[in-house]
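Q: Kindly generate the complete structure, drawing on both the sequences and the hints.
Heads up: the protein sequence lines correspond to chains A and B, in order. According to our numbering, the stretch in the first sequence is residues 1 to 406, in order. According to our numbering, the stretch in the second sequence is residues 407 to 535, in order.
Be aware that one or more of the hints could be misleading.
[As the list claims (entries may be wrong)] Straight line, CA to CA, 30 Å or less: simulated DSBU-like cross-link-like pairs of lysine-lysine:
#, chain 1, residue 1, chain 2, residue 2
1, B, K529, A, K393
2, B, K531, A, K393
3, A, K116, A, K84
4, A, K393, B, K430
5, A, K84, A, K226
6, A, K284, A, K393
7, B, K530, A, K393
8, A, K5, A, K320
9, A, K193, A, K105
10, B, K529, B, K430
11, A, K393, B, K431
12, A, K226, A, K116
13, B, K485, B, K428
14, A, K221, A, K193
15, A, K377, B, K428
16, B, K431, B, K530
17, A, K93, A, K226
18, B, K412, A, K5
19, B, K487, B, K530
20, A, K211, A, K84
21, B, K530, B, K485
22, A, K393, B, K461
23, A, K32, A, K262
24, A, K191, A, K262
25, B, K412, A, K377
26, B, K412, A, K320
27, A, K95, A, K193
28, B, K531, B, K431
29, A, K393, B, K428
30, A, K221, A, K262
31, A, K95, A, K221
32, B, K485, A, K393
33, A, K105, A, K95
34, A, K320, A, K211
35, B, K485, B, K431
36, A, K84, A, K221
37, B, K485, B, K522
38, A, K226, A, K105
39, B, K522, A, K393
These are computed hints drawn from the structure, not numbers from a lab. Only a predicted model underlies this, so the values are computations on that prediction, with no experimental measurement involved.
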Amino acid sequence: MEKKKLIYLDNNATTPCDPRVVEAMLPYFTEKFGNAASRSHEFGWVAEEAVDYAREQVAALIEVDAREVIFTSGATESDNLALKGAFEMYARKGKHLITVKTEHKAVLDSCRRIEKMGGEVTYLDVDARGMIDLEALEAAIRPDTIMVAVMWANNETGVIQPMKEIGEICARHGVLFFSDATQAVGKIPVKPKEVGVHLMAMSAHKMYGPKGVGALFVNRKAPRVKVTAQMDGGGHERGMRSGTLNVPGIVGFGQAAEIARKEMAEEAQRLSRLRDRLEQGLLKLEETYVNGNPDSRMPHVTNISFKHVEGEGLMMTFNKEIAVSSGSACTSASLEPSYVLIAMGLGDDLAHSSIRFSLGRFTTEEEVDYAIEAVSKGVNHMRELSPIWEMYKEGINLEEVEWSEH
Amino acid sequence: MAYSEKVLDHFSNPRNVGTLDKSKKNVGTGLVGAPECGDVMRLQIEVDEETGIIKDAKFKTFGCGSAIASSSLATEWLKGKPIEEALEIDNMAIVEELELPPVKIHCSVLAEDAIKAAIEDYKKKNGQA
Chain A
1 MEKKKLIYLD NNATTPCDPR VVEAMLPYFT EKFGNAASRS HEFGWVAEEA VDYAREQVAA
61 LIEVDAREVI FTSGATESDN LALKGAFEMY ARKGKHLITV KTEHKAVLDS CRRIEKMGGE
121 VTYLDVDARG MIDLEALEAA IRPDTIMVAV MWANNETGVI QPMKEIGEIC ARHGVLFFSD
181 ATQAVGKIPV KPKEVGVHLM AMSAHKMYGP KGVGALFVNR KAPRVKVTAQ MDGGGHERGM
241 RSGTLNVPGI VGFGQAAEIA RKEMAEEAQR LSRLRDRLEQ GLLKLEETYV NGNPDSRMPH
301 VTNISFKHVE GEGLMMTFNK EIAVSSGSAC TSASLEPSYV LIAMGLGDDL AHSSIRFSLG
361 RFTTEEEVDY AIEAVSKGVN HMRELSPIWE MYKEGINLEE VEWSEH
Chain B
407 MAYSEKVLDH FSNPRNVGTL DKSKKNVGTG LVGAPECGDV MRLQIEVDEE TGIIKDAKFK
467 TFGCGSAIAS SSLATEWLKG KPIEEALEID NMAIVEELEL PPVKIHCSVL AEDAIKAAIE
527 DYKKKNGQA
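A: Set out below in structure tokens:
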């Protein structure tokens, strides 16, 4: 194998900025440095105009009105604003929210905070493929339910939830529908209005834009949705998010959105083909399993468990060549394996053995082929070292072994 | 997380990987950890029955780089040691040698447990326990 430069297959963690995005941003650091809130001079007008244009670009990508886009510092802030802001705003209606166990931490931890503030939250289960049960969702709705929060696509598995069906249930019961669409926007068609989503979080750096900027879509009409600001100050962004606008970041986000809108269809097709190639190549290894519903999944993601191999150790065999991430406990601060995979009913052992591959705009076929070879080599090497692989090969039932848990 | 050179060395060139014949009376086997916890170590020693000295040691480990390095280092230390001395190997010595960060200390504890379990197994087989 010829030595290549480090191959990046961790695009769900973050994406590189598209050079066209950087180019669009540059003037807004220097000559066009104005504060978009400065209404009295040219510097401010230029910045405001740039923000308005970017707002149009983002709105066009998700087919909403530009006035429905609230810029934030990223998806985490958008999640916090949507959940806590709605909880405060609609306190008179009730105090109950419904979400899912496989949501991003920004959603789950916001919900935990809401519980501390006196709210009540139902955490829905998912099935083995990572999908929620629509009947369970409907059954969980109470008269005091304010909001249902379901992510569009999961960050670890790429699993896409049935957004349209969830939207119909929410509409039928007059409940707000919030979605963290961070992993979906810019990669697949995401049209909140078509599926009845009223609030939606997104982030620029997951779609080849810069870090530190994101947005919250807030539906303006039928129903008119409002959230209580979580950041007090100058009343920017229709009073929902104070703070001087990150003009270069917003310009970059807008540019990234426009590129995505134009190139998404072709890119998704190309990445889906590469992902399938990667997946098929790796599934040739025995005792290897794909995690997540293959029929409802993002085109660029695959999450694979290599049984009897620990994920972090496996990554060490190739991390000088390939960058991926793992659901293994050893890679998290908490020393717990991926809660997303655990919620899908995967045993802890398979969760420890999982690797997420997320392809991106700059991934090539050569890189995918190289990855197949390097990862396969790593898996075989780690299995040579693995006592449980040896036991499995000897036909020992690992379920019956008395392990000394620690 | 960045690993120390020593961990990387043991990980890339693990010493004494393999399996000893556990049906032999002078072979002691220690199997510690659990797949659910993300690490399983199997450490084996072969003891010279006349002298009580460990003449061979082998390991296989399912786990992260630090777990593999800890068990690889343990086998190196065990070889040539009388079993009573081997019992004194302390996990903190492994931590120091491999420069393990605090979150990886449990890997060294597991290695110490594996050493003790292997010796205990040997002693049991030989009516010493």
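Q: Run every hint past the structure and note whether it holds.
A: Against the structure, the hints come out as follows:
no. : hint            : in the structure
1   : B:K529 - A:K393 : holds, 28 Å
2   : B:K531 - A:K393 : holds, 26 Å
3   : A:K116 - A:K84  : holds, 11 Å
4   : A:K393 - B:K430 : holds, 21 Å
5   : A:K84 - A:K226  : holds, 11 Å
6   : A:K284 - A:K393 : holds, 17 Å
7   : B:K530 - A:K393 : holds, 27 Å
8   : A:K5 - A:K320   : holds, 9 Å
9   : A:K193 - A:K105 : holds, 25 Å
10  : B:K529 - B:K430 : holds, 13 Å
11  : A:K393 - B:K431 : holds, 24 Å
12  : A:K226 - A:K116 : holds, 22 Å
13  : B:K485 - B:K428 : holds, 17 Å
14  : A:K221 - A:K193 : holds, 11 Å
15  : A:K377 - B:K428 : holds, 29 Å
16  : B:K431 - B:K530 : holds, 10 Å
17  : A:K93 - A:K226  : holds, 13 Å
18  : B:K412 - A:K5   : holds, 25 Å
19  : B:K487 - B:K530 : holds, 19 Å
20  : A:K211 - A:K84  : holds, 23 Å
21  : B:K530 - B:K485 : holds, 20 Å
22  : A:K393 - B:K461 : holds, 28 Å
23  : A:K32 - A:K262  : holds, 27 Å
24  : A:K191 - A:K262 : holds, 15 Å
25  : B:K412 - A:K377 : holds, 23 Å
26  : B:K412 - A:K320 : holds, 17 Å
27  : A:K95 - A:K193  : holds, 25 Å
28  : B:K531 - B:K431 : holds, 6 Å
29  : A:K393 - B:K428 : holds, 17 Å
30  : A:K221 - A:K262 : holds, 27 Å
31  : A:K95 - A:K221  : holds, 23 Å
32  : B:K485 - A:K393 : holds, 28 Å
33  : A:K105 - A:K95  : holds, 20 Å
34  : A:K320 - A:K211 : holds, 25 Å
35  : B:K485 - B:K431 : holds, 18 Å
36  : A:K84 - A:K221  : holds, 21 Å
37  : B:K485 - B:K522 : holds, 14 Å
38  : A:K226 - A:K105 : holds, 23 Å
39  : B:K522 - A:K393 : holds, 26 Å
Going down the numbered hints, you'll see the structure goes against none, and every one checks out.
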